[in-house]
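Given the sequences, and given the hints that come with them, work out the whole structure.
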Amino acid sequence: RQVDAGSCNACELEIRSLNNAYYNIEGLGIKFVASPRHADLLLVTGPVSLHMKTALKRTYDATPEPKLVVAIGDCGCSGGVFGESYASCGRVSNVIPVDVAVPGCPPTPTALMQGILTAISSGGRNRG
Numbered sequence: 001r002q003v004d005a006g007s008c009n010a011c012e013l014e015i016r017s018l019n020n021a022y023y024n025i026e027g028l029g030i031k032f033v034a035s036p037r038h039a040d041l042l043l044v045t046g047p048v049s050l051h052m053k054t055a056l057k058r059t060y061d062a063t064p065e066p067k068l069v070v071a072i073g074d075c076g077c078s079g080g081v082f083g084e085s086y087a088s089c090g091r092v093s094n095v096i097p098v099d100v101a102v103p104g105c106p107p108t109p110t111a112l113m114q115g116i117l118t119a120i121s122s123g124g125r126n127r128g
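The sequence shown begins at 1 in the working numbering and counts up one residue at a time.
No lab work stands behind these hints: they were computed from the structure.
In silico lysine-lysine, DSBU-like type, Cα no more than 35 Å apart, as pairs:
1) 67 with 53
2) 31 with 67
3) 67 with 57
Owing to the predicted nature of the structure, the values given are computational and were not obtained by experimental measurement.
Rendered as structure tokens:
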């Protein structure tokens, strides 16, 4: 499940390209689902805006165990140019636990796929 927590949508464009014939992420058995209740992994983009904080926590809580979280892009990993402010919680790990961070503005589809596969292979053991 992909969650936009306040991004500019550049990361979403790269995530969507994972479904094309070139990257073919479904060939690896990985599918995007509409509900967090059907997800094993959350891809979270953007700095977490204050208005998305509660929604992100609820999405995380609705995802069944064992669950994995991948923070996508510079904003998801560090808060990016937005950082923490009156309107931004900053990085995803300030709100929910993160297993793998994939930096880049935006990260390439290959980096995204590598981050997803790293999270899956680690089984959440990177969580700090």
